[in-house]
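Student: Put the two chains together into one complex; each comes in its own frame, and the hints tell you how they fit.
So the sequences go chain by chain: H and P. Note that this note's numbering numbers the first sequence so that position 91 is 87, with each residue one more than the last. Note that this note's numbering numbers the second sequence so that position 77 is 98, with each residue one more than the last.
Any given hint might turn out to be false.
Claimed, not checked - The calculated label-pair distances, taken between Cβ atoms and stated as ranges, are: (1) H:T22 x P:I34: 37 to 47 Å; (2) P:G37 x H:E52: 44 to 54 Å; (3) H:P36 x P:G37: 27 to 37 Å; (4) H:G37 x P:E43: 17 to 27 Å; (5) H:Q50 x P:T41: 34 to 44 Å; (6) H:T54 x P:G35: 45 to 55 Å.
These aren't lab readings, by the way, just hints derived from the structure by calculation. Glycine included, every Cβ here is placed at the ideal spot set by N, Cα and C.
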Amino acid sequence: KQEVTQIPAALSVPEGENLVLNCSFTDSAIYNLQWFRQDPGKGLTSLLLIQSSQREQTSGRLNASLDKSSGRSTLYIAASQPGDSATYLCAVRSNYQLIWGAGTKLIIKP
Amino acid sequence: EADIYQTPRYLVIGTGKKITLECSQTMGHDKMYWYQQDPGMELHLIHYSYGVNSTEKGDLSSESTVSRIRTEHFPLTLESARPSHTSQYLCASSGWDGLNYGYTFGSGTRLTVV
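The following block holds chain P by itself, in its conformation from the complex (with noise of 0.2 Å):
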């Protein structure tokens, strides 16, 4: 079944890690994206991409990096994590299905600094 896919579900890691997490695709899309969203506030664009070595940054200032070298796959990197970067990231694409242009979110990665 065509889907997207996020791991870790859950992180908690110490300050000054090095975290990546991962977003994969299986409906072929070119575009895909990257939101942060804190508990009862919108979602906010911090990394997107039209296709593979595409990749733009989005409205909200992010300390981290994302690739594409795949079009399934575009995983979010955090060189050093900090307390601030606690939040849900939520990973999506979007493409035509035949019918309608649409967005498809995967399940998010909850990850808490300490």
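Next comes chain H alone, as it looks inside the complex (with noise of 0.2 Å):
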């Protein structure tokens, strides 16, 4: 059964570090892997997608890389801002399911 974990729970960074976000799977059997920011009682936006086929995804200030084979991700933001604060969720795709981490939030402090 496919778990995804997602490290730290919580983080909070002065602002303009770059910072890394991570998420694990147990089972690399992937179609593609989703990085999502959540506001405060909000929806969920999509940030970066990566097929199982891709390394890594670029947009912006972000930048998610995908290894299948040891069943990691991480989402690096470069020169954060406050406006970054947010709950990061990672989700794999098996099958037509989408199973999702806890998320770690992020505190960017002015």
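Tutor: What follows is the structure in structure tokens.
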């Protein structure tokens, strides 16, 4: 059974720092992995999607990597800003279902 | 612009009332989903649909029901609301955009049953 783990559960860093969020999964047979952002009380915004055949995807200050063999993905955020404060969720697609991590709550201090 | 819409955004309702949460998407996606999320907790799949007239229960047991009569519409109904139903409900759809097979989420409905 696929399980997704995100570490750390919470992270607080000063503005301007580069940071890495981690996501691990137990079954490497995935179709893709998707990173989402959730602001308090809101829905989810898709940030990056990596197909199982890809190694990384980039969007602006965000870079997501995927190592299927080791069951790991990282989300790199460069030059963090207070507006990046949110909960970041990763989800792997197995069959037609998304398996979710519990998220990393990120706080960027001005 | 292609998107997914949920209404209402917030709902406070008394115990025993029947409610329907609306979800519509304009992307033509076949697959749609309902998730339940308590504050600070994981998303839990409660219902999904792979197309018109197709509905299935998800991993989390729920007293709600869904219908899929039209591709773009996937409403969720609670016949008799209870305080234990207080939660955030997120609707999503998935499909192929020519490059990727991804998921798109609505803004959610925050339900409070008093």
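Student: None of the hints should be skipped; say for each whether it holds.
Tutor: Hints, verified against the model:
1. H:T22 x P:I34: 37 to 47 Å: holds (40 Å)
2. P:G37 x H:E52: 44 to 54 Å: 52 Å Cβ-Cβ, so the 44 to 54 Å window holds.
3. H:P36 x P:G37: 27 to 37 Å: holds (30 Å)
4. H:G37 x P:E43: 17 to 27 Å: holds (19 Å)
5. H:Q50 x P:T41: 34 to 44 Å: The hinted range 34 to 44 Å holds for Q50 of chain H and T41 of chain P, with Cβ atoms some 40 Å apart.
6. H:T54 x P:G35: 45 to 55 Å: holds (49 Å)
Of the numbered hints given earlier, the model fails none.
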